[in-house]
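Between the sequences and the hints, there should be enough to build the whole structure, so can you do that?
Counted the way mature numbering (1 follows the signal peptide of the UniProt record, and there is no 0) counts, the sequence shown spans residues -32 to -1, 1 to 529.
Derived by calculation from the structure, the hints in this document are not laboratory data.
Even glycine gets a Cβ: it sits at the ideal position worked out from N, Cα and C.
Heads up, a few of these hints could be off.
As the list claims (entries may be wrong) - Pairwise CB distance ranges, derived in the manner of DEER restraints:
#	residue 1	residue 2	range
1	447	405	24 to 30 Å
2	131	315	45 to 51 Å
3	470	414	35 to 41 Å
4	349	162	54 to 60 Å
5	114	450	30 to 36 Å
6	318	25	38 to 44 Å
7	349	161	23 to 29 Å
8	143	321	15 to 21 Å
9	268	321	31 to 37 Å
10	25	221	33 to 39 Å
11	223	147	27 to 33 Å
12	33	161	16 to 22 Å
13	161	335	30 to 36 Å
14	335	216	36 to 42 Å
As the list claims (entries may be wrong) - In silico PhoX-like cross-links for lysine-lysine, where the CA-CA straight-line distance does not exceed 20 Å:
#	residue 1	residue 2
15	88	127
16	471	454
17	460	484
18	484	452
19	237	160
20	471	484
21	160	147
22	276	146
23	454	484
24	397	408
25	160	88
26	412	397
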Amino acid sequence: MLATAETRQTARLLTLQTAVLAALVIPRSADAAAAHSSSGISGFRAICELINLGAASCQDDQVGAESNDIKEAAALINLTIANPAIITELEAKATPEEAIGTENSKAAQQCTGDNEWICKAAHSRLKQKKGLKTKQTLTELSTKPTLKESIEAVLNQLKTEIASIDNRSGAKQCSEAKKALATAIGVQDTSKDNLALPEATTDRATTCGKPSGTDKGTIAGKNLLADAVCLCSSDAASSNAGDNCNLQTGTGNLDFASAISVSSSDLKKLLGGCSAFKADTKLTAHALEAALSAFDNERFRNQGTNNKITNVIGHVDGTGAECDGSDAGNKGACVYYGKSPGSKALLPPAWREHITAAIGHLQHAEQERLRRHESIKRATTLNTTLAALILIAGDASSNQALREAAQTKQTNIGAQPGGKGAKDCGQHKDNTTCTKNSCKWEGKSETDGPCVGDEGKGAAQADTAGAEKDGTTTTPNCASHTEKTKCEEENKGKSSPVCGWRKGKEGETDEPDQDKEMCRNGSFLSNKKFALSMAAAFVGFYILKFMKFRKLSKICCAEIF
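The following block contains the structure:
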């Protein structure tokens, strides 16, 4: 029984070893022979993805409407402050060119060179009927030098950012990338140009390459379309009719024995096959890098007997002796890029350097686009600041008028006889009540006569009001009274106590003997509370103004200027 078990175990091991050896020795059926139809489809796809990107558009590089608003508003504000006469000339003309072209005009003298865009942008703003609300405010800035300097400083910074927005465009770099891609593809206009391949010679194998050796094909890697011709086109010998690339319509037979000129109609047939791999994507550095990487992965894929053939696009059979367009023994429909004779290093296709150049241009374009967006952000912030300054300038005059009106009202109130007015005094019918209320009795007896305002007291009160208006107050010397009666007499005729017989209160750090009852200032708390409330009112006012600026920042150009 033991011998039998050992025998069975040995048999199982031998079977496993045999299976492993068989897997190592027997080649995969796909490597031994590939179906003629679609044999080059993966390589054709890698080529097409690069060609298709050549027809794609770059990322949108347009400046938004908000940035144009900022630019036009800044131009109009600048001219209104610096040279309002030009504004008048621009308003009178249908186009800025008419104003600039008027002989001896201010616009003709000033709107040249770097200043031309300012006048044109200002004119555009004027024709939108914007900016009229604050035009008067800005023309009066000569009376407010500090505000004028602040606004001009912001305008200068805005001018720098606007120049950056205008100059930092990815359009030029995109154009350069397109040119490099067209060179890599092989023709500038695939809809009408023929593809010249003067390097074609002798036969298709020599022209497209012999993967078993080191020599590349004479047109291999010249451009992407040349590679597609080697991979997909038909000739008299192979007659594959484009089957290996699944072309919807095969090309006409090409003669690889001499210089080739591939007609635009045959190019359309090749490119028609590329439409199957067209993706809805923008031309970006990332997209181009991804397509090039996919191509390289296909190029470096090992093929042929024992997977020894590489640096080839398409399909090779067996030893890969020739890329002759067929799939007979040791041949294939392919394009071979060769090896360095000495080091045997794999040679890249020549068109690859144009693809990498295009990638560099696109990377530069994306950097410029990012810098432009940064400038737009800074310009938007400056626009907010400018809006705030203009609102302050506009409010300054009205605030001054309000202050003057308030001062006049305060003075008028203080100047009324008795501080109450004749009407208030006239209600008293006897001498005692009249004089007690700080009025003057002009009667013939204690009960017969008019009670009128006391002009002397009114003048004194007016002086007090005027002093308070200027930030100072006239207060009695309460501490000089040592008797409660004398102390409280100071309050006669006052609308609120000015002295009080009391102990010290919290916060009166300048009062002596806090625990002792004595004659002290009775207006301390009311004055302090008034000062605090006024401070809070001013802080609240400017916070509200700031919030107003914030809300208007995005519509500054449309609503303010």
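- Message: Checking each numbered hint in turn, tell me which of them this model violates, lowest number first.
- Response: 5, 6, 7, 9, 12, 17, 22 and 25
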